[in-house]
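Participant: Put together the whole structure using the sequences plus the hints.
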Amino acid sequence: MSLTPTNPMELGFKAPEFSLVDVVTGTPKTFQELKGERGTVVLFICNHCPFVVHVREELVCLANDYLSKGIKCIAISSNDAANYPQDGPELMKELAVRYDFPFSYLYDESQQTAKAYNAACTPDFSVFNEKSECVYRGQLDDSRPGNGIAVSGKAIREVCELLLQRKEVPAQNQTPSIGCNIKWK
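With this note's numbering applied, the sequence shown corresponds to residues 910 to 1094, in that order.
Keep in mind the hints are simulated off the structure, nothing from the lab.
Treat the hints with care, since some could be wrong.
[Unchecked claim] Below, simulated BS3-like cross-link-like pairs (lysine-lysine); rule was C-alpha separation at most 30 Å, straight line:
id: 1; residue 1: Lys923; residue 2: Lys1092
id: 2; residue 1: Lys1076; residue 2: Lys1063
id: 3; residue 1: Lys1094; residue 2: Lys938
id: 4; residue 1: Lys1063; residue 2: Lys978
id: 5; residue 1: Lys1094; residue 2: Lys978
id: 6; residue 1: Lys1002; residue 2: Lys1076
id: 7; residue 1: Lys923; residue 2: Lys978
id: 8; residue 1: Lys1092; residue 2: Lys978
id: 9; residue 1: Lys1063; residue 2: Lys1002
id: 10; residue 1: Lys1040; residue 2: Lys1063
id: 11; residue 1: Lys938; residue 2: Lys1024
Facilitator: If you want it as structure tokens, here you go:
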């Protein structure tokens, strides 16, 4: 496990389009199809990363809390499934069904989507407004495996609330996420 932070990027970039297979339905999905009318949280996750496992239940809660308010989540796994078979589509589907993911769990086999989003770690979060402009890149909250801080989703929840109130998301105070590096081919 290599501790890797979110790559810094200039905010305001447009969400890159993609067409990736939803592992539960087996059908291709695009950003335009999946985005929320008030905002979209794109999360790069995987099945095995201890940092993702640590926050997985909160990701489901957060997605459920904001879905009816017009903010949707999209989860993408870009890990190399040949060398990390636990992150392959079949096991992704099992996990998504077991945890009743209220969001699409997409497999980025080519890793081109991760590169387009400049994703570096799992979990890696980008939040987009209703115009699909990035307003936040950073952590879910201050909790990490073993640090004793409860998982709350505080940072992403604050951004979502600002989006719902149509208020500007401050560019400062965006603490990078930390997790395992994406397993590149």
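Participant: Run every hint past the structure and note whether it holds.
Facilitator: Against the structure, the hints come out as follows:
{"no.": "1", "hint": "Lys923 x Lys1092", "verdict": "holds (25 Å)"}
{"no.": "2", "hint": "Lys1076 x Lys1063", "verdict": "holds (17 Å)"}
{"no.": "3", "hint": "Lys1094 x Lys938", "verdict": "holds (23 Å)"}
{"no.": "4", "hint": "Lys1063 x Lys978", "verdict": "holds (17 Å)"}
{"no.": "5", "hint": "Lys1094 x Lys978", "verdict": "violated (38 Å)"}
{"no.": "6", "hint": "Lys1002 x Lys1076", "verdict": "violated (36 Å)"}
{"no.": "7", "hint": "Lys923 x Lys978", "verdict": "holds (22 Å)"}
{"no.": "8", "hint": "Lys1092 x Lys978", "verdict": "violated (34 Å)"}
{"no.": "9", "hint": "Lys1063 x Lys1002", "verdict": "holds (27 Å)"}
{"no.": "10", "hint": "Lys1040 x Lys1063", "verdict": "holds (23 Å)"}
{"no.": "11", "hint": "Lys938 x Lys1024", "verdict": "holds (18 Å)"}
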